[in-house]
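Going line by line, the protein sequences match chains A and B. Numbering that gives the first Met the number 0 puts the first residue of the first sequence at 0, with every later residue one more than the last. Numbering that gives the first Met the number 0 puts the first residue of the second sequence at 0, with every later residue one more than the last.
No lab work stands behind these hints, which were simulated from the structure alone. Remember, predicted model here, so these are calculated numbers, not experimental data. Mixed in with the good hints, there may be bad ones.
As the list claims (entries may be wrong) - Derived contacts from chain B toward chain A, CB cut-off under 10 Å, selection only:
hint: 1; residue: I76
hint: 2; residue: P93
hint: 3; residue: N401
Ideal placement from N, C-alpha and C gives every residue a C-beta, glycine not left out.
2 protein chains.
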Amino acid sequence: MAGNNKKFVEEITSMDEDFAKWYTDIVKKADLIDYSSVKGCMIIRPYGYAIWENIQKILDARFKETGVENVYMPMFIPESLLTKEKEHVEGFAPEVAWVTHGGSERLTERLCVRPTSETLFCEHFANVVKSYRDLPLNYNQWCSVVRWEKTTRPFLRSREFLWQEGHTVHRTAEEAEERTLKMLNVYAEFFERDLGMPVIRGRKTDKEKFAGAKATYTVEALMHDGKALQGGTSHNFGTGFAEAFGIQFLDNDNKLKFCHETSWGVSTRIIGGIIMTHGDDSGLVLPPAVAPIQVVIIPIQQHKEGVLEAAGKIYDTLKAAGIRVKMDDSDQSPGWKFSEYEMKGVPLRIEIGPRDVADEKCVIVRRDNREKSFVAISDIVAEVNAGLNKLIDALREKALENRENRTYVANDLDELIKIAGEKSGYIKAMWCGELECEEKLKEVADVTSRCMPFDAEPVGDKCVCCGRDAHKLVYWGKAY
Amino acid sequence: MAGNNKKFVEEITSMDEDFAKWYTDIVKKADLIDYSSVKGCMIIRPYGYAIWENIQKILDARFKETGVENVYMPMFIPESLLTKEKEHVEGFAPEVAWVTHGGSERLTERLCVRPTSETLFCEHFANVVKSYRDLPLNYNQWCSVVRWEKTTRPFLRSREFLWQEGHTVHRTAEEAEERTLKMLNVYAEFFERDLGMPVIRGRKTDKEKFAGAKATYTVEALMHDGKALQGGTSHNFGTGFAEAFGIQFLDNDNKLKFCHETSWGVSTRIIGGIIMTHGDDSGLVLPPAVAPIQVVIIPIQQHKEGVLEAAGKIYDTLKAAGIRVKMDDSDQSPGWKFSEYEMKGVPLRIEIGPRDVADEKCVIVRRDNREKSFVAISDIVAEVNAGLNKLIDALREKALENRENRTYVANDLDELIKIAGEKSGYIKAMWCGELECEEKLKEVADVTSRCMPFDAEPVGDKCVCCGRDAHKLVYWGKAY
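Let's have the full structure, built from the sequences with the hints guiding it.
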């Protein structure tokens, strides 16, 4: 049955009018964040933090299923430790916050607030790894990190953000590569299955890889406006950090060898990605897996006999079935409530009024398309679960369609410049592998390489930039 | 049946010989922590962090049952914000870490790394609280905080530590006081029921209360060596912070009023408290509620037919029953394994050898007293649950006995000085309420007031120090 397309909430900017303003309107009006007097840092409010808690719960369990254990490293890194791996320090030193005083005393060595914790993990690994019997170590930590960004946006780029960083140590190169790809797949499945965000899995070019990594793999998502978002990355460090930090083990052939390491992470920017993939002009649209409230019950004419009782029974039934349900029997009007929970992206709304009570039915309204179904109260758990499943499938399909509609192919430089100037989305084009061409595309078309996708069909055999032989297919785009 | 009292692990210092060294031996040898090059900060290793995760899981669920929601505040506090509440800044400014540079630029205003987040919460509350309808707000955050301590010890006092800090805002003084005590009781029940650590609930003297609080309540535990440990605190701020930060609401009588606030917290020092309450000369002894491994299965003569299969079945059965179980079928000797899991404080050990397999039995050994029971494999879940319950009851009883044996009464100053000099434990004594007397006791007997317990029988009517009339019973002691 077709839904009602009336726009209930008038106060937010339309996404077609000003996507950036629409985004900031949502993060504020859906009570996800608040600003504070700390420039570039955000307060994550209960509704926003509950989304992050759900993300954590799902990912943490999946990490642990693969044998990962959590740890906690200090938040400070002495300058001398940060500088041990050359590429790494060059990548991060320009954007770290420095602690120079403890109480009233000047520190003899300044400490940076971790922008990422490779150096601390490596120092620890060098202490504890002795023999091949100690390997692998599969560690992870959930923490906040700091990068002194000039321009900031809630969730997408802030001076402090929450994330997880996995760090593993292995005996062989093969095992490290396997772990790197395994974690990339954990991320990809989470994005696609749970968040309804289709991603491209691929490898970063050397220019875009992590400072100090041998190879960086990425899952790239495309936002509603056609800009790309790096959803998560997984790095194979080879033996680079192990050599810089002296992480060696005695192998069973009695030889001392350097360990192979990986690291991998996702952050609160996932929340920004969810907003920009699924949101609409009425507000947020949340994937059920991470929605703090999956179903809101709104009684209609709630002072009439039997309405609150029937609503209460539905609430109890859904809660007992493990569904995150809320009942709003406050004195606000139903119309106000509809707008409020649409703004907050609650996947399903249940309406129940006096006539429904008599019929032993209620109405389920989907957040994404406002489709209404009249269902028997006795079937409520099955109907709600079906509704949640349909919604996430529809979100995924719509996002995939958006990506397909916004994926272009460029065969030469003129074509690429034209597409980049006129369209917003991915541009598939061949690349020779030279940094020079990559930099030129940034200069002339303002695009960066997002990734070299796994198992992709080439779209030609000449570099889109220089015309030389090219075997690498690259997705180019503009990114958050 | 009496257990075997042989001391398997020879490498740790005996607690009677050197309690401090015994403590540091345990935190290292049980793989709880590692040191890093960041002075005064610690690395919490997987086994230590898993204890913290269990603590978090239990407390977080209990907080939420009382209507608490989690949030995240920035880790930095601008100097001007920290100094808004006078007593508060005096309490914390001398021990904060200061960030003065972001990247290569000097900041126009320096930022401290949060030692606690009252100022940030208050700034936010002032933004979002408008009407009595917005109240109460019951917020909590799990995070790390930094205090620039001179001398540090793992878990007990470190420059960075993990904790939770609850912050709530209320309409009335009564409601704030109720919340303050409610959270104190959540802590007290957790300590007593789940951790087997009996606590004294009481109020702090003005000298010992939180910087900026109207009243601080505490749960105080006594360690094996007779020193006290402040387990958790709950503060009633009255309207002090609200006045400093302008947190006002329009009440239903149309008057603008200041809010009443509370805050409450516990930290990773709980883990230090567990070690010093229950540990022994063989290592850690962990309360089942927070033990990462509740039961370890050690097959005996594991290469003999049927042993590993039977052990595997026990493992599967316990795991299916929701018990945290580990099987160690590595090539180490059973004796080595016994020592290893005793060091790690695993509450129960199951031994199963060829003869047990034939008899369809196994042996359960309790960590605390090494008592052995021969049990039928078919009863394993019930037997393990009974064993875990007996163990936590025994730990609690032993800790209570230790506290009772170490609680003294002093009627005058000479007696107090004598007890403080010769014994280690609580000294109950009356106090007139004057700061002067409190300071004198610190000077002459090196004791501080731990708390004024709720519902306690007075032990006299004259101040132990000055001899004037006194109505307050105080527990005095030396504290971690």
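Hints versus structure:
Annotation: interface hint on I76 of chain B holds; nearest CB of chain A at approximately 7 Å, less than 10 Å. Taking 10 Å as the C-beta cut-off, the interface hint given for P93 of chain B holds, the closest approach to chain A being about 5 Å. Given hint, N401 of chain B at the interface with chain A, is violated; its Cβ is 31 Å from that chain's nearest Cβ, farther than 10 Å.
Of the numbered hints stated above, the single one contradicted by the structure is hint 3.
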